[in-house]
Every structure is written in structure tokens, then in C-alpha cells.
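Letter by letter, the chains look like this.
4 protein chains.
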Amino acid sequence: MIFKRIKSNGIAHNSYLIGARNEVAVIDPRRDCQIYIDTAQNEGLKIKYIFETHRNEDYVVGSLELKNETGAEIFHGPGLNWKYGNTLSDGQLFRIGSLNLKAIHTPGHTDESMSYVITDLSTGNSPIMVFTGDSLFVRAVGRTDLYGEKEERRLASNLYDGIFNKLLLLGDGVIICPAHGGGSVCGANIAVRDESTLGIEKIQNPLLNFASKNDFINFKLEEKLEKPYYFTQMEKYNLEGPPILGYLPLPAPLIAREFKEQIEKGAIIIDTNEPFAFGGSHIKGAYSIWSDGLSPFAGWILSYGQPVLLVLDNPGRLDATVRDLIRLGFDNIKGYLKGGIDSWNNAGFPMERSGMLSVQALKSMFDRHEEFFLLDVRGQGEWDSGYVEGARHIYVGHLEREIAEIPQGKMVVVYCSTGHRSGLGTSILLRAGFNNVYNLLGGITAWAAAGFPIVEH
Amino acid sequence: MIFKRIKSNGIAHNSYLIGARNEVAVIDPRRDCQIYIDTAQNEGLKIKYIFETHRNEDYVVGSLELKNETGAEIFHGPGLNWKYGNTLSDGQLFRIGSLNLKAIHTPGHTDESMSYVITDLSTGNSPIMVFTGDSLFVRAVGRTDLYGEKEERRLASNLYDGIFNKLLLLGDGVIICPAHGGGSVCGANIAVRDESTLGIEKIQNPLLNFASKNDFINFKLEEKLEKPYYFTQMEKYNLEGPPILGYLPLPAPLIAREFKEQIEKGAIIIDTNEPFAFGGSHIKGAYSIWSDGLSPFAGWILSYGQPVLLVLDNPGRLDATVRDLIRLGFDNIKGYLKGGIDSWNNAGFPMERSGMLSVQALKSMFDRHEEFFLLDVRGQGEWDSGYVEGARHIYVGHLEREIAEIPQGKMVVVYCSTGHRSGLGTSILLRAGFNNVYNLLGGITAWAAAGFPIVEH
Amino acid sequence: MIFKRIKSNGIAHNSYLIGARNEVAVIDPRRDCQIYIDTAQNEGLKIKYIFETHRNEDYVVGSLELKNETGAEIFHGPGLNWKYGNTLSDGQLFRIGSLNLKAIHTPGHTDESMSYVITDLSTGNSPIMVFTGDSLFVRAVGRTDLYGEKEERRLASNLYDGIFNKLLLLGDGVIICPAHGGGSVCGANIAVRDESTLGIEKIQNPLLNFASKNDFINFKLEEKLEKPYYFTQMEKYNLEGPPILGYLPLPAPLIAREFKEQIEKGAIIIDTNEPFAFGGSHIKGAYSIWSDGLSPFAGWILSYGQPVLLVLDNPGRLDATVRDLIRLGFDNIKGYLKGGIDSWNNAGFPMERSGMLSVQALKSMFDRHEEFFLLDVRGQGEWDSGYVEGARHIYVGHLEREIAEIPQGKMVVVYCSTGHRSGLGTSILLRAGFNNVYNLLGGITAWAAAGFPIVEH
Amino acid sequence: MIFKRIKSNGIAHNSYLIGARNEVAVIDPRRDCQIYIDTAQNEGLKIKYIFETHRNEDYVVGSLELKNETGAEIFHGPGLNWKYGNTLSDGQLFRIGSLNLKAIHTPGHTDESMSYVITDLSTGNSPIMVFTGDSLFVRAVGRTDLYGEKEERRLASNLYDGIFNKLLLLGDGVIICPAHGGGSVCGANIAVRDESTLGIEKIQNPLLNFASKNDFINFKLEEKLEKPYYFTQMEKYNLEGPPILGYLPLPAPLIAREFKEQIEKGAIIIDTNEPFAFGGSHIKGAYSIWSDGLSPFAGWILSYGQPVLLVLDNPGRLDATVRDLIRLGFDNIKGYLKGGIDSWNNAGFPMERSGMLSVQALKSMFDRHEEFFLLDVRGQGEWDSGYVEGARHIYVGHLEREIAEIPQGKMVVVYCSTGHRSGLGTSILLRAGFNNVYNLLGGITAWAAAGFPIVEH
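These protein sequences, in sequence, are chains V, W, S and Y.
Following the numbering used here, the numbering of the first sequence begins with 437 at its first residue and continues without gaps.
Following the numbering used here, the numbering of the second sequence begins with 437 at its first residue and continues without gaps.
Following the numbering used here, the numbering of the third sequence begins with 437 at its first residue and continues without gaps.
Following the numbering used here, the numbering of the fourth sequence begins with 437 at its first residue and continues without gaps.
Isolated chain V (complex conformation) (with noise of 0.2 Å):
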């Protein structure tokens, strides 16, 4: 048997490859597809298969872009109206050679998830392994609010369904393999382990050890989780067929008087530094995404077709960069700038820098009663568990959007866990015209770990 579990980090997102013999199928294939081509002919394998355990909200579909160069036919679930593969029924039955995978329906995320049951039949007639997709993660399940709030005891009590009389009833000792793993905007708290069985999720996972499923609906319908802008137009993509990407952008590598002029076109400067790096020098108008905030947050900020420029942290980061957009669907990658920000510096073109603080000097600040505007862009379930005295809670999705509820001529103080979503703030603030911005460098979670209080409600 061959099993092999593909991670894409910054969506944090587990695809699979799971075959016998000469033969394999695929598991939520991500878009840049040529992975999975790779590991089947090293191995000698065939990809025949595609499943896909729902329709994926989070990052476009490496369905047909895999069907596109392979051949392998491609499954979903049932109940959505699917430009393109086959739909599955409850309990359909595939060889892949001597395994056996079983399709069986567990809506609850989302009304078409399904979960794949793997049959070693060289080894024995029970399961083996289960593919969970978002419905059960280690430690945690599916999130339930996408079709919104009418829809979500519905979905939260398919959920419970799903997991207790499907699922674990395949036995304690079947492995599960999530289509997420910790970091996923696809539900809350996912552990960063990756291994786990059905055995440990009943004992470990706190989802399924509610007295009844009555608390396990009621903290479902209490959980506060973003959904960032992007998730409408991948839901549309997904459902009928995202664009073929074929290759990969290849965004030019533009000298500093090139960039000026992609600017000056228009284009979106993202800056992947690092904010304390950012902080010291950037280039007018950038948005601050560190690398792995990109696969998270570019889908608060970008516009699909929207023309994007990079000022990379590093240049071996250009591929993992060009992945994460276009996992994302951000395909219209114009450029980066070459040489960094050093070679803008050393064009004598006008840089800008932003305020940063240390956590002792914000406490200074207080002692002194210094008067400013204290801003957490933490989400919901953060800013419930506490926050620092005098704050206000706008989340950093949001804040373009809310940029109003910000004071004019006041000096303003963002700061987030650790200072890298409070970056992106900071750089949101400056593109709106605020210029007395500081980031809390180390967030909330360095004015704790000085001792400093933090305020529960």
C-alpha cells in the first residue's frame, strides 16, 4: 500500500494519496497539481481517481487541473448541482488495486461532505483508514456557519450524526486523515499532530465528549469563526470548475524602476516581511502580509484579476509565494520587485516606515497616561478570552472596511497575538491615510509573558 499525505502549509491543507499496486487515486488534489503526478510515476502508479470530500471553500480545486493532465475521473458528493466529475451515492464502492475505498455521506459541514473508508483487502475485510475531509479534525470537527446562521443547528446536528453513527462506528482503531490540519480557517483549534485515530479523537478530541448532543449543537452555534471575502467566489469556482492554471504565473523579476512603473499602473504592492522588518523600511501603499499570514489573510485584501506585486522577504520564497495566491485563486501575479527593498533603498526612491513598539514601552505609555488609540485586530474568540486595557476590537478582515471607526489626529497603537496580523493593520492604517501608527511588536501575548495584565470581560 502506498499512502502518502501531501501538506500545503499556508492553507494548511492535507491532500492524500492512497493506492496499491499500479494504481491510485487522489484525495482533494490542491491546484498546483504536479505533486502528485510526480510521487504516482516515482512510484509506478496510475492516478485513476479523484475524490473530493466536499466542494472547499478555502482554496480552489486541483480536480480538473489533475483530470486535465492525467485522465483520472474525478467524484464528489451529493445534492450540488456540479459543473464538472461524477456524483457519488452513500456507500459507493471503488477498487484501487487490492484496497477497497468506500464513499459515505456525512454532511454537516457543508450539505455534500463526504468521507472516504479505506479496506486493505491484502491485510483483512475491516477499515483501515478514513478520510474525514472538514468534518472530523484532530481535535476538532468541521466549522458549521457557512450557509449562515438559519442553516447552522441543521448542519451542527448532521454534523454530530455524521461522527457518532458513521464514523466512529468503523472502530477505535481506524486512522483518520483530515483535509486540514492546525492553522486551517476551516474550523477552530485544529491540533498541529497529524496522526490520529477514531480511538483518540473519542478520548482527546473535546467535540465528542459533550454530555449530549444537545451541548455538542450549542457550543457549535456559539463558536465565532471569520469568513474571509474570498470564500464566495471560491464556493462559485469550485462548484463549476475553477480556471485551468496549466503552469505556474511567473511573475517578472522587475528592477526598482520597473516596479515604479507597475505601481504607478495601479497594481497591489503585498510586502512579505516580516512586520518588525517592514516597520523599518517599505515602499508606500504596500500591504503588510508576512509569508504565512498570505494563504490566510490575501483573501481579505486581494480582488480576483486584481494585478499584484511582491516585495518578498527573501527571493527562494518567490515560489511558496506564487503557490499561496494561486491556491487562493490569485492568479494575475505581475511581479517583484528584485534585489528587495534594498534595491528600491539604493534607487533613491522615497521609502516609508512605521511606528513599532515594545511591549514595555506601551506599559510606559500607560504609566505615563499618554493618551492614543489602542486597537486589537484579534478575531472574536480572541478578543473573548481578554485583552489589554482600553483596547477596541475591530478584526483585521474587517478593518478597510470599518476604517471609519478609527480617530482622526490621534496617535494609534494596533496590536494583535504577536504582532504580525497588528502588521497588516498598521499597513491598512497607513494606506488610509493615518500616519501616527504603531505596531505592538510581539502582540498580547508578550504583554502577558512581561507580566503585564490582560483585562477578561
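Any given hint might turn out to be false.
If chains are identical, the list can't say which one is meant, so a pair holds when it fits in one copy or spans any two.
[Claimed, not checked] With a cut-off of at most 30 Å between alpha-carbon atoms, the simulated DSBU-like pairs for lysine-lysine come out as follows:
| no. | residue 1 | residue 2 |
| --- | --- | --- |
| 1 | K440 | K774 |
| 2 | K484 | K440 |
| 3 | K443 | K774 |
| 4 | K799 | K774 |
| 5 | K519 | K663 |
Simulated from the structure, these hints should not be mistaken for laboratory data.
As the structure is a computational prediction, the values presented were derived from the model and not from experiment.
Keeping the supplied structure of chain V fixed, place chains W, S and Y upon it in accordance with the hints.
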């Protein structure tokens, strides 16, 4: 949590990196240990501990080598007079970042055999995975015959107790990480799949499904496994601490004339071409051990310190071939024939060819009542399950010592399951001066597939 | 300045990346062109121009493929009715970062042949290197026979003029970058060394050291080079624009039964094992073309569009084998035999073997006055320089069309220089129904090395 | 023939593999020498000889290290009391496969400097390439100031003679292979292009185009090059045989708390972030040496044996950073800050920031007649060619020893060509207790590009 399975194909050996935060432990490192160091460095991890599940008899353990480069501490099981590292006590606990590792004594395969149980404190207090060494494999258990017949009942009883009274009590959901996969000489019929759990094994492992402990023991007592000659040296090496290798040996690329000079100085030739290619053309005196056969069979043929010369099936396999040999302790690899057997032939040096038969040709020989000696060189267990009429059985590992059993002056046809071990057998006979020797290509597998009769005992 | 020589081994083809700052040009790209794109991206370079030195007849040019992915502009020499790209004029200048590239017309190999002279303006105004295409090689010059006998004198004269009146005038210190290295079918006896200059060639290249232009022309007129059948298709392809390949073909890994089915549907089998292994065991009907022989010989054997099946010498060669074939335009590669010839044998399917001889054995046959037909399949030039007594000469490329020349019912011994082309010859004879065919391993090289006599004409 | 140029970027060092058939020599190996061994193995070559062009003062030579692993013989030039290897005589010949290598004595850069001339006997008897060490570079020649002022005239005279009376006599077509490329501290203004010939140098190298030998010598006597402090240690190391390194050091990944503990024990911190990022946030006491600055500047700052801690600009640079340091002999690398400066900030530990200025801001300061101390830390030659009005010059390498020259209590603005060396200068001032220090981002390059005035001497 970081978890990596490092597979060493030839010896079908699994070693593991397990860690969290900035620390990691290595379980059962192999001798060419740079892979652990590179992996750890790439992931930002410091190798803190090295755990051996047992002394090992089939490969040179890499603990000292790895400690030598990293400074990590070595731990082994109790009861042996180790000349290096620390001896564990049953139940001893270790902390690796946010993980707990608990050493539990599970004798049976050997007296000092240990298992290591992992708890991920970031998700709960119940066990997640267990490193089972040679105690419990996927669909098999460790061999219990290494101390000789007298001790086997005791060992089998201990093994049963360790599995049933210690390992299985950890819970069905616990993932198992054995020291070997399919193809290892350390167990019988290990499955080729790597992923399993205690729950899956409880259902699918035939060794865990006997009616009683007695049945388990009796089954083990009747098991017939070959014990390669080099095991004895291995046991000594691994107890006292094997020689530090440092860099991998660098076999010289020898042109035909230089290769010939080395042969004349007495080096042993190993030809790793496939048997049908070896039959087509080879150097007189060479052993035919196809690439995948090096790990299981070099230890029957080679002596320690003996200079070895290689004829490679392809030059890209040099590195893998060197690793296969040094993992068994055969470090004196003089060189390889640059350009392969072609270059030997081009030099006008005498080549040797050897006979090959298809199963159809063998069938005709039977039908025509031709006279020949039919030699089955498979293992005892395979022989016991059926053979070709008229065959005489000598295991290939013993053939060189039992060569007197082969009649002189008669056509000899050698077979095994597929033609590989019989290729080695053929080369042993050629070296011994037999010159009318034929290898049955495809072996008894092809014989059966072609519909010809198998004799049952 | 960035300068990279990209070697494509089979066709002994050199292509080049040459650039500076953030721009680069590609000279004579091959069809599997991702390597230029990856290299350029890694170095922070934009591919701006593609220059062809000439139409090429031995491989599918990659210009359109590369333009398709990058948008770079294509340039070729004058005088042909190109269906794509731009036609250059003699002396046309281009700027690539701080480099100047000057196109100079150097007909002779073909009428539209161009050379490209590089000046590095950051160090001076004199030329640094020249891309000579198929005009001037290391220790050789381009062939002048491609337009047929009538045109050869004119071409040879032009070639002489281009070399002596254009290239050599650039200065002895100028580095030469030809389109082919040792082993190419586009020139006779090209040296295996890649590094040379005009100054070195003036001294060491025998073609530049004739007493007169007339001597040069006469030497060229007497040169005998084979012209593979596929050249004609290539010329058409490269004039009109070859089909866009996109991704590399993905031959399916076929198990023996599936492979057999494809054979029965009429696909051609290419077995890339070395001749001695092919002789040991192969599938009836297969052509024997060893890996390094694919580029020079597949074009004599295969037709365009014909489905091809592969038996590989090792699975790691799949990618290289696919590239070798598509570079010649053979894109319809159905699959390969997973597990190689072993798996065929294990399935109990009938295998074929073929005769092989050592030179010592052949000598004995002569000494014993045995009767056999001795066939020399080397090129005309090799045959002209000496042969084994009694041999008949038919070039391997023509053997299939001239098969009627081989006597029926007689033992046939085939030889070439080392046993490779004679392996192909052997397989052609087997396919034609001859069944008493022997390949002389080591060929005339071994024959001479063993001290046996060569007949001079 | 095999010819490979192995570039070591930081020290702008070129080493070479040159060989044929199954043998190869290495010219001027670096200390992390596995690359030669791997390359040789991959190509089927045995490393037979190691040739040093001279003792070298800027990096630890890798000859002993390479000999230790491969057994190859070492050769150096005459006149020094070498403690290892063999001393050559002028004109000594070596055979490497089908190549000839001739050692010729070309003193000048140092007294024992050698060049090595290659002839490819398979193509002729005239030279093909010459390894020129630090005698002749592309568009430059070696420095002649290493023995002090008294010896410089003699050395410059010798260098001239070696170039004009030995090297240039080899012929214009001969390819030159120097020991350094652009950016090396071993020559002034070496071109960034690697490819050149004696013919090209004769035309384009300004050092070879003086009217007389006297002019050449006078130019050399006026040349002002800095000599880093570590050169003295290097010379001793390379004469006596540097310590064998074996494996590369493995700096531990330290979490913030562990990193802090190491600082408190007295280790030196090197922060390899770009200056603008260093300015944004760094640990108090750290030296700012950007990644590409490690090779030229670590040797001015660090002492041998001193424990070093790293703050990396990105974790992917760990390996390259370690190599940069050990090539200079700085082997005691304790660890690096896992998670970078973010993790320090998140721990709530105090961070330091430092001032940065744009050239526009500096211009305003001038225009507003603000008072500040302007420090130019460039090299003497750069200073001599123009500066910003009012600046005081102290070379960055000497700043720590000449810190008393900087006025206390005044704003200090530091500049260099682009902001990198001035970043190091800034960090030196911060360490010395100055707290009103500004780095001019973009440096005098940006100043000039923005159209602000440069003062000529």
C-alpha cells in the same frame, strides 16, 4: 509534533524521528545516520535522545554514530552488558518538547526488547503511538528463535505477555510503529503496509487471533526462519558498539583493467544485475546478487573485512549499494566496474554466460523425460507449502556449505520463487565449478501462473 | 553575467542561457523547456529572447513551447519561410541587460544558419563568446550533406567562408559555444570536451588546418554520415512549428497482463536493457535499443504517432526515456512494463532469448571453420577504417529495409563497435523471423583488444 | 573531459574539478569539501590530486579535509615550510586520465603562487586552460600588498613577470580559471563574469594595458585595499594545516529563553537580517551583519574560538551561514534563535531598535542645518572617489578600534555605499553605548541616485 518514518529499504527497517518544539528523539537509527541530522536541522530540531528498541541482529545499529555527531544520549533495554549508552528501567519517562515518552519492557523477541509509548501533552494524557520494535509488526510478530531452540518457548511466552498484557492495554486507537516492514528477515510475512494501530492488529493480525496463549506459542515453535550467518557478528557489534564509520566508503570507479587487477588480488565480486542479465554476461567468479537482494543475502555470502568489488546494474545505484552493504557491516568496498559489464566486454576480457530456462522450456524437458537435477533454493517455509515435482531442497543461504549434495556432471536447474535467489544459487554453483547450470526465470511463480502443477507435501 | 550550458545527453545537444541583470536569452531551447524557466526564475531572470541557430533536423526545437509559457520572442535566420517567430538580418543587434548580442549569418551547415556574438559591455567592447550552432564544433565542423549531393559543394564552401571570414575574425580569445557535443549525429567526431575558444580550434581542429579551402571542401565531400529517416519530419516540424507538448507524456505503469494487452493492440515495444540483458530474456517482437541509443536510433525505427511500449532497464530511467523520445517527436508513449522483464517472466508469459558470443568464441568458430554469416552494422566511415574478415556491411539504420540481403537458414553473427547497435540489429533480425542470430558482445573493440586481426580495405 | 567550477559565494571563491576518464583533480578546495566528493562520485571519478594555487589568507583551505576523506595527494608551491602535502617544482607534470597538468610558478600575489596549465591530449598538445589562482582574475590581478609595504614593489614586479612572461605566452585562446570572482577581498574590482581567456584579458583587463611595467607597478603601489584582521590567523592555519572539521557544526535551535541564557554566558550575537530589519527590531548587543556580509566582515569582528549565536534572516539560511563562518575558521557556533526575532519579541524580552534615515530625510537635515556627526565607513578607495559633504571617514573594519574618534552625545549618521556596512557600523556604535545613531538606508548610492551632491577630493 513532528513524526517521520525513515525507511531503509533493503533491510526493510523503520526508524523514526519523534519530537515537538525544538527537540526530537530518534528511535533505532541506522548507521548511515546523516538523514536524521539533516531532517532535524531542516525542521529546527535538536536531537536529544536516541532510543534502541533492542540490540538488533540484522543490521549495524547507528546509535554510536549518531551520538558521535550530535552528542545525543543513547538508551537501551535492561539485562545486557552494554558497552555504551544508558540502560533503561521499565516505566522510565522522558520529556521531548511537549511530548512524553515512556519506556516499557516488552521482552520476547529478545530479552532486552523495549517499546516506547508517546503521549502528546498538548492534546491529552492518553497514549498516541507506540514504537514496538521487533515485538509487534503489521500483521506479524517478532521471531522468537534467535536464542536457539531451548529458549524459544520462554521467549514466545514473554512475547505473548508483552503484547497482550502491555501493548494492547494501551488502547485500540494507539498507532503502532514497528522496527520493520514487509520483506524483513526479522519476522515472517510482515505486511507491506506501514500504517496500523493496536485496534487494527487485534482484528487483522493472525498472530493475535489464536484461541489461546498456548496456540500462539506452539505456532511460534513451529515457525521456520532462516538465520543468516552474519547475525552472530551483528549481535557482537551491537552489544559492544560497532566501529564508527564517519563518511560513507568511496568505492573507486575502476576501469576494466584496474578491476581485473583487484580481482587477481583476491577481492570478491558481487554482480547486482538482474539474474537474466547476469545470465547473459558476467565475470567468472562473480556472485549474482540483484540489488534488492543485497540486504537479505550479502550476509550469507560475505565475511567481515573481505574486500568487495561491485558490478552494478546501473551506476546510479552506487550510493544505495554502498549503504546496503555498510548497514550490514561490510565496509571494505574496493571499487566498482566503471561502465559496467559492457566495459569488461569491450576490453576483450573473457566473459562467462550461464544457462537460463523459461518455465515452458522446463515443462518440455519434463515432457521429453530429459534427465536433470532440479534444485529448489527457497526457504523452508516456502518449500513446505509446495514445490515442483522431483526437486531437491537446499536453502540458497546454505548452498555453499552443502555444495557436496549437488551431483557432478549432470545438468542442474535451479529455481526459487521468481528467479532471483536461484540466480544467486546458479552463481554459487558456477563458482564451485559446475558448468551445466540453468536458472529458471520466473521461478515457481511463473510455473504456477503458466498452469503447471505444484506438488503439495 | 549569467551563462549556463544546458546539455541534453541523448542528442548531445547544447542549449544556453545567457543574460545579465534581470534579463536572459535562450539559445536553441529543447522541447522539454521547463529547465530554462526554472533556471531563469531561480536566478531572478526574465526570459526575453529565444534565438535559434538554425532549423535543426535532429530534434524538435523548443522555441514555440518556451514562447508559449514565457512570452519570449523567437528569432531565426533568413531565407526560410518560417511559420512562427521573427527572421533576423545579418548583423542585427540585441540588448540583454548589460550584454550585447549580435546575430551574424554563417550559412553552410544549412542556408539559414546563424551565429550569435556576445559582448559584455560591463568589461569592454570586444567579443567574449560566440554561439556557433552547427557551424563550428569543438574539433569538428557541421555536416554539409543535408541538402543532398548537388548542394554539398556550395554548402561546404559557405561553411568555410563563415568560419574563416566571420567567426575566426572575432579573435582567438573568444569562447565558442556550439549546439552539439561529442556523440551528436550532426557532425563527425566532435570532441567530448565542451570548453574551447577560437584560438584553440585554430590550432587543434583538423578541419581548420587544411592547406586550402579546396582541401576543406574535398574532405567534406568525401565525408560519409548517416541521415536518420526522421530528419525529414523534423525539418518540416521545425519550419512550421512543432506541436505544443505542454506537460510531458505520462506513460502508464502497466502490469504484465496489461502490457500484453497493449502489445496485442499493435504497439511497438522498445526494450532499453543493455544488449547482454536483452539477450538473456526479452519479449518477442521487442526492439533492443539500449538507453543511450534511444536518441540516435529511435528515429530510424519508429514512425510518428505510432504507439510505443517501453521495457526499461531501470524504473528510474522513465523520465529520461520519455524525454529522449519526445525530443525526437515520438509522443505517443502508451506505457511501460512495471517491474520490468522480471514481472513478465513471473507472470509465466513466454519469453524469448537470443544468442550472444564473446570474441573468443567467435575466434574459435573461425578457427574451427564453422559456417556462419557475419554482419557488420556500423556506419560507413567505421566500416571503411577496417572490419573483421568475411563480414558483410549493412548499416543498422538500413537493416530493416535491406533485410532481404540476409541469408535464410544460416547462423548470423552481428557485430558493431561494442555490441549495442548489433543488439539492435539482432532484434531486427529476430522480428523478421531469423532465429539463429548471435550478437558479438564487445564488438570489434573487444575483438581488437583481444589481439584478433582487423582487415583493412 | 570533465570541468566544473564550484563557486563559494560569500568569499567569492572558485574551486575546480578537472579530470578525464575515471580520474580527477581538485584545484583549491574549500573546507566544506563534500561537494567535490559527491560530484566525483556522481561522475564516476576518483579524486587523485589536490592542487593549491597558493597558501590563501582569506579562507581556510580544504586540502587536508579532502585528503582525509579521499586519500588524494596535496601539492603546493615552493618556498614555504609547509607542514603537510608535497612541494612542487616549476614545470612539474601530472597525468589525469587523458589530460596533462603542468605546474608553473607565478609568484607575485604571494611568493609560492602557482598556476596550473591543462592540455587535453585527446585533442592536441597545446594548452586549453590555465588555473591562475590569485595571479590573474577576470579584469583584475591579485593584490600585492600582503607582505607589507617593503615587499610590495618586488611582489608587483614578480606578478607582472608571471603574467606577461609566463601566462600570456600560453596563447590567446587559453581559458583562464581564477581562484576568485567579483566581490572577493583578494583583488580590486574583479569582474562578475566568470568566463574569460588570456586573449580577452589582454584586450579588456586594464591592469594588462599599462604603457610599461613601471606603470603597472606604480598603480599597484597606490592601490589601497583593506586587510581583515583574521588574515593573520588564516596564513598560519593554511601553512600548518588547519584543524580537521569533519561534519559541519550543528548549531542548536534555541528557543528565546535558551538563547538568552547563552547570551548571558557571553556568546557574541550575529544578526543576519537586512539592515532595515535590524533597525526595526533586534537584540541589544547584536552585531548587524547581513547574510552576504558574513564572509567579508565576520573576520573583522569575531575572534577564533569565541562562541557565536545567530539571529537568522530566514531559517533556510542556516546551512549557508554555517558554511560562511567555518570557511573563515569560526567553528564555535553555539546555536540560533528558533523562530527568529519574532520569537524573542513574543517572549516579552526587551528589544532594541535603531534609527534609520532615507536620503531625502538626510537632505532635509542638511537643508535645516541640523547638527549631527556624519560617518562614512566605506573603504579607502571608495572614500577617495567622493563623499557626502561634512562626512568623517573611518573604515567599518576599524571602527571598533577607533571608536574614540566618535563624539559622544551627538546624533550620529552612518553611511556606506548602500546601507549594509553602515548597518554594521551602527551596531558597533550601539554596542559601544551610543544611542542616537542612524543608518542611512540606500547609502551614497541612493544619495547620488536622488540627485544630491557628491564631494570630490
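How the hints compare with the structure:
Only between protomers do K440 and K774 lie at most 30 Å apart by alpha-carbon distance; the minimum there is 20 Å, versus 36 Å within a single protomer. Taking the shortest alpha-carbon separations for K484 and K440, both the intra-copy value of 16 Å and the inter-copy value of 27 Å come in at or below 30 Å. Taking identical chains as interchangeable, the C-alpha atoms of K443 and K774 lie at most 30 Å apart whether they share a chain (29 Å) or sit on different chains (22 Å). Proximity of K799 to K774 under the C-alpha cut-off of 30 Å is restricted to the inter-copy arrangement: shortest distance 27 Å between copies versus 39 Å within a copy.
Proximity of K519 to K663 under the C-alpha cut-off of 30 Å is restricted to the intra-copy arrangement: shortest distance 25 Å within a copy versus 51 Å between copies.
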